[in-house]
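There are 2 protein chains.
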Amino acid sequence: MNENYYAVIMAGGVGSRFWPLSRENKPKQFLDILGTGETLLQQTYRRLRKFCKPENILIVTHASFNDIVKEQVPEIISKNILLEPMRKNTGPCIAYATYKIINKDPNAVVAVMPSDHIILREDVFTKTVTTAMKQAEVDDKIITLGITPSRPETGYGYIQYKQNEDSSDEIKKVKTFTEKPQLELALKFIDSGDFLWNAGIFISSVKTLVNSFNKHLPDVANIFNNGSQHYYTESENNFIEKAYSMCPNISMDYGIMEKADNVFVIEADMGWSDIGTWSALYDNSEKNKQNNLVNSENIYTYDVNNSIIRIDKNKVAVIQGLENYIVIDEGDALLICRMDKEQNIKNYVEKIKKDKKDIYL
Amino acid sequence: MNENYYAVIMAGGVGSRFWPLSRENKPKQFLDILGTGETLLQQTYRRLRKFCKPENILIVTHASFNDIVKEQVPEIISKNILLEPMRKNTGPCIAYATYKIINKDPNAVVAVMPSDHIILREDVFTKTVTTAMKQAEVDDKIITLGITPSRPETGYGYIQYKQNEDSSDEIKKVKTFTEKPQLELALKFIDSGDFLWNAGIFISSVKTLVNSFNKHLPDVANIFNNGSQHYYTESENNFIEKAYSMCPNISMDYGIMEKADNVFVIEADMGWSDIGTWSALYDNSEKNKQNNLVNSENIYTYDVNNSIIRIDKNKVAVIQGLENYIVIDEGDALLICRMDKEQNIKNYVEKIKKDKKDIYL
Chain V
0 MNENYYAVIM AGGVGSRFWP LSRENKPKQF LDILGTGETL LQQTYRRLRK FCKPENILIV
60 THASFNDIVK EQVPEIISKN ILLEPMRKNT GPCIAYATYK IINKDPNAVV AVMPSDHIIL
120 REDVFTKTVT TAMKQAEVDD KIITLGITPS RPETGYGYIQ YKQNEDSSDE IKKVKTFTEK
180 PQLELALKFI DSGDFLWNAG IFISSVKTLV NSFNKHLPDV ANIFNNGSQH YYTESENNFI
240 EKAYSMCPNI SMDYGIMEKA DNVFVIEADM GWSDIGTWSA LYDNSEKNKQ NNLVNSENIY
300 TYDVNNSIIR IDKNKVAVIQ GLENYIVIDE GDALLICRMD KEQNIKNYVE KIKKDKKDIY
360 L
Chain B
0 MNENYYAVIM AGGVGSRFWP LSRENKPKQF LDILGTGETL LQQTYRRLRK FCKPENILIV
60 THASFNDIVK EQVPEIISKN ILLEPMRKNT GPCIAYATYK IINKDPNAVV AVMPSDHIIL
120 REDVFTKTVT TAMKQAEVDD KIITLGITPS RPETGYGYIQ YKQNEDSSDE IKKVKTFTEK
180 PQLELALKFI DSGDFLWNAG IFISSVKTLV NSFNKHLPDV ANIFNNGSQH YYTESENNFI
240 EKAYSMCPNI SMDYGIMEKA DNVFVIEADM GWSDIGTWSA LYDNSEKNKQ NNLVNSENIY
300 TYDVNNSIIR IDKNKVAVIQ GLENYIVIDE GDALLICRMD KEQNIKNYVE KIKKDKKDIY
360 L
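Taken in order, these protein sequences are the chains called V and B. Every letter in the first sequence is one number past the one before it in numbering that gives the first Met the number 0, and letter 276, counting from 1, is 275. Every letter in the second sequence is one number past the one before it in numbering that gives the first Met the number 0, and letter 21, counting from 1, is 20.
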């Protein structure tokens with residue numbers, strides 16, 4: 000295992016689209032949403048252990064998730080859990096990890112990725128990341144992973160690469176980044192053949208990253224550069240508290256990727272999904288004969304089709320006469336919702352919040 | 000309060016039509032099914048306390064329900080809980096109570112009724128039972144309560160009375176008993192105007208009842224007559240164990256009412272229902288603006304109409320897009336079922352039993 004290989008897992012996200020399975024104190028990345036016995040964070044960590052020693056894997060998360068990270072990844076080195084005092088998007092998150100790593104190992108090459116995505120073809124992931132790591136060791140490149148698109152998805156960002164480069168080179172120069180396009184545009188992207196989905200995963204040397212922050216986000220670079228005497232010491236938390244309060248709220252894509260001219264992409268058809276919704280989970284999961292996704296042998300269905308049924312394992316459910324529904328019974332909350340209305344779930348959660356019933360969220 | 004007035008509450012029934020709200024160890028009579036703060040048994044007991052001292056109210060139930068009866072009716076005298084070792088229908092149940100009472104008070108007049116019905120107009124109930132009690136004190140009559148029918152219900156039994164009797168007399172002679180008729184017949188019953196619903200409630204002196212058992216069910220009479228030296232003693236339970244094992248399984252209606260010629264009926268338009276199904280409960284309950292019957296402020300509905308939603312009070316539910324459904328989340332079980340399929344619930348319960356998951360029943 001290469002001593003200079005590092006990984007940064009971003010695990011600070013929150014969201015209500017998987018309520019009531021996900022909760023404010025247990026968002027998606029901490030859930031075994033596929034029912035495989037591993038949470039999404041645990042899957043991400045395990046995938047990266049093929050490249051990195053535990054000492055070289057960092058998890059950046061919100062301060063409130065410190066305990067759950069330790070619980071789910073007991074192998075993690077305590078000081079490798081980077082606690083964000085507030086959420087400032089991916090820019091400051093990646094800067095913090097980058098500057099911390101470079102203070103320990105200036106020759107580090109780092110793979111940065113979200114903690115809450117699924118990757119079904121791990122062999123492709125491993126092969127692609129290996130290629131990218133090797134290239135990033137020797138070249139001043141930020142290498143993103145671009146997912147072979149299977150449909151004109153309007154919920155994802157797209158990466159366009161330059162066709163005119165040497166076509167035998169699997170690492171292609173990036174031309175444009177486009178956030179969630181309208182359907183018409185997405186259809187054109189798919190037709191053109193030079194657009195890939197942006198999985199938010201990239202590989203780079205920390206030197207290249209620091210240069211990029213200096214060039215494109217000098218304020219952020221300056222803030223974290225001042226931390227050199229604090230990283231790995233008792234004063235790190237205090238320093239980070241102040242640093243974050245000064246940071247702008249900015250994404251890595253907007254702050255650096257879209258501006259830098261050394262961004263590359265390597266195509267990876269690795270069964271990737273960010274499973275951002277119940278229906279995405281449904282699409283990515285194996286269904287039973289009635290096309291239902293059920294999580295327990297104690298679920299009895301009659302005239303139920305194309306639905307997600309998920310209950311506490313110690314309960315029984317009898318469900319009759321539903322088509323295209325989401326039924327989630329989790330702890331102190333029950334959700335029943337047509338799958339084509341799932342975009343309303345966040346509003347339903349808002350209403351509960353407004354009624355000051357936060358205990359259910 | 001008349002010292003000779005007694006009441007017998009039959010509380011041994013079981014059933015699965017209200018699963019998962021009702022369970023094998025907590026059938027309907029022990030549930031606050033209307034959400035009024037009183038279980039059906041407690042309502043029945045309270046209604047009868049207007050006529051009888053606690054010492055004169057007997058509850059006949061299955062041996063396994065002894066504790067729950069004590070818990071729900073703490074005022075009840077322990078020896079007034081008559082424990083049936085097995086279920087032999089209403090005939091032996093009423094015989095046991097009758098013979099026990101006559102051994103203590105030969106002049107007793109008794110009101111016998113199920114524990115799991117609702118009566119919305121208690122003033123009518125009180126007035127009608129008072130009339131019947133007074134009459135039964137002086138006449139050798141079994142006086143049933145007949146409910147003014149409001150629809151051609153095929154799930155109830157009917158009592159036909161003789162029109163030719165003195166029409167000013169509100170206590171009318173019974174002509175026929177008919178169990179659950181076909182719809183065509185039920186329509187004729189309603190048209191004819193001399194049919195009432197059989198509520199399974201009757202009033203009689205115990206002397207008259209003993210005479211009736213002697214005449215129409217001599218085997219049963221003989222069995223319980225032999226208990227004279229055991230009632231109110233330590234050997235009562237042993238005696239009853241043997242008595243029940245010898246008894247036929249026979250209903251009071253079939254064994255006595257349909258055969259005796261001293262059966263009368265008094266009409267009572269008292270807002271009665273045996274609420275045997277979820278839809279009957281729905282029909283008998285006040286609905287909200289969306290025509291939903293909900294039991295908690297923590298139920299959020301969106302595009303939900305004409306449905307019953309019932310959840311544990313400490314939970315929250317978000318329910319979207321249901322019309323004419325039953326949703327019951329109770330303890331370790333969840334039921335979602337179209338209201339017009341509620342007759343299947345007992346089959347669903349059978350299936351769970353067959354799978355040896357009795358803990359959920």
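Keep in mind the hints are simulated off the structure, nothing from the lab. Each residue gets a CB set at the ideal place from its N, CA and C atoms; glycine is no exception. Warning: the hint list may mix true and false statements.
Said to hold, decoys possible - Below 27 Å or equal to it, Euclidean Cα-Cα: the simulated BS3-like pairs (lysine-lysine) are:
1. Lys340/V x Lys355/V
2. Lys356/B x Lys312/B
3. Lys355/V x Lys356/B
4. Lys352/V x Lys355/B
5. Lys187/V x Lys174/V
6. Lys355/B x Lys340/V
7. Lys286/B x Lys286/V
8. Lys179/B x Lys353/V
9. Lys312/V x Lys286/B
10. Lys133/V x Lys214/V
Said to hold, decoys possible - Here are the in silico distance ranges between beta carbons for each label pair:
11. Ser278/V x Asp354/B: 40 to 46 Å
12. Glu183/B x Ile358/V: 35 to 41 Å
13. Ser278/V x Lys355/B: 52 to 58 Å
14. Lys355/B x Ile358/V: 34 to 40 Å
15. Ile358/V x Asn305/B: 51 to 57 Å
16. Glu257/V x Lys312/B: 35 to 41 Å
17. Ser77/V x Asn290/B: 28 to 34 Å
18. Met85/B x Lys352/V: 36 to 42 Å
19. Asp357/V x Glu74/B: 53 to 59 Å
20. Lys355/B x Lys187/V: 28 to 34 Å
21. Asp357/V x Asp311/B: 15 to 21 Å
22. Asp311/B x Thr153/V: 38 to 44 Å
23. Asp357/V x Asn305/B: 43 to 49 Å
Consistency of the hints with the structure:
{"no.": "1", "hint": "Lys340/V x Lys355/V", "verdict": "holds (24 Å)"}
{"no.": "2", "hint": "Lys356/B x Lys312/B", "verdict": "holds (25 Å)"}
{"no.": "3", "hint": "Lys355/V x Lys356/B", "verdict": "violated (38 Å)"}
{"no.": "4", "hint": "Lys352/V x Lys355/B", "verdict": "violated (41 Å)"}
{"no.": "5", "hint": "Lys187/V x Lys174/V", "verdict": "holds (16 Å)"}
{"no.": "6", "hint": "Lys355/B x Lys340/V", "verdict": "violated (37 Å)"}
{"no.": "7", "hint": "Lys286/B x Lys286/V", "verdict": "violated (38 Å)"}
{"no.": "8", "hint": "Lys179/B x Lys353/V", "verdict": "violated (51 Å)"}
{"no.": "9", "hint": "Lys312/V x Lys286/B", "verdict": "violated (33 Å)"}
{"no.": "10", "hint": "Lys133/V x Lys214/V", "verdict": "holds (24 Å)"}
{"no.": "11", "hint": "Ser278/V x Asp354/B: 40 to 46 Å", "verdict": "violated (30 Å)"}
{"no.": "12", "hint": "Glu183/B x Ile358/V: 35 to 41 Å", "verdict": "violated (55 Å)"}
{"no.": "13", "hint": "Ser278/V x Lys355/B: 52 to 58 Å", "verdict": "violated (35 Å)"}
{"no.": "14", "hint": "Lys355/B x Ile358/V: 34 to 40 Å", "verdict": "holds (36 Å)"}
{"no.": "15", "hint": "Ile358/V x Asn305/B: 51 to 57 Å", "verdict": "violated (30 Å)"}
{"no.": "16", "hint": "Glu257/V x Lys312/B: 35 to 41 Å", "verdict": "violated (51 Å)"}
{"no.": "17", "hint": "Ser77/V x Asn290/B: 28 to 34 Å", "verdict": "violated (57 Å)"}
{"no.": "18", "hint": "Met85/B x Lys352/V: 36 to 42 Å", "verdict": "violated (54 Å)"}
{"no.": "19", "hint": "Asp357/V x Glu74/B: 53 to 59 Å", "verdict": "violated (42 Å)"}
{"no.": "20", "hint": "Lys355/B x Lys187/V: 28 to 34 Å", "verdict": "violated (58 Å)"}
{"no.": "21", "hint": "Asp357/V x Asp311/B: 15 to 21 Å", "verdict": "holds (19 Å)"}
{"no.": "22", "hint": "Asp311/B x Thr153/V: 38 to 44 Å", "verdict": "holds (39 Å)"}
{"no.": "23", "hint": "Asp357/V x Asn305/B: 43 to 49 Å", "verdict": "violated (31 Å)"}
This entry does not satisfy hints 3, 4, 6, 7, 8, 9, 11, 12, 13, 15, 16, 17, 18, 19, 20 and 23, going by the numbered hints stated previously.
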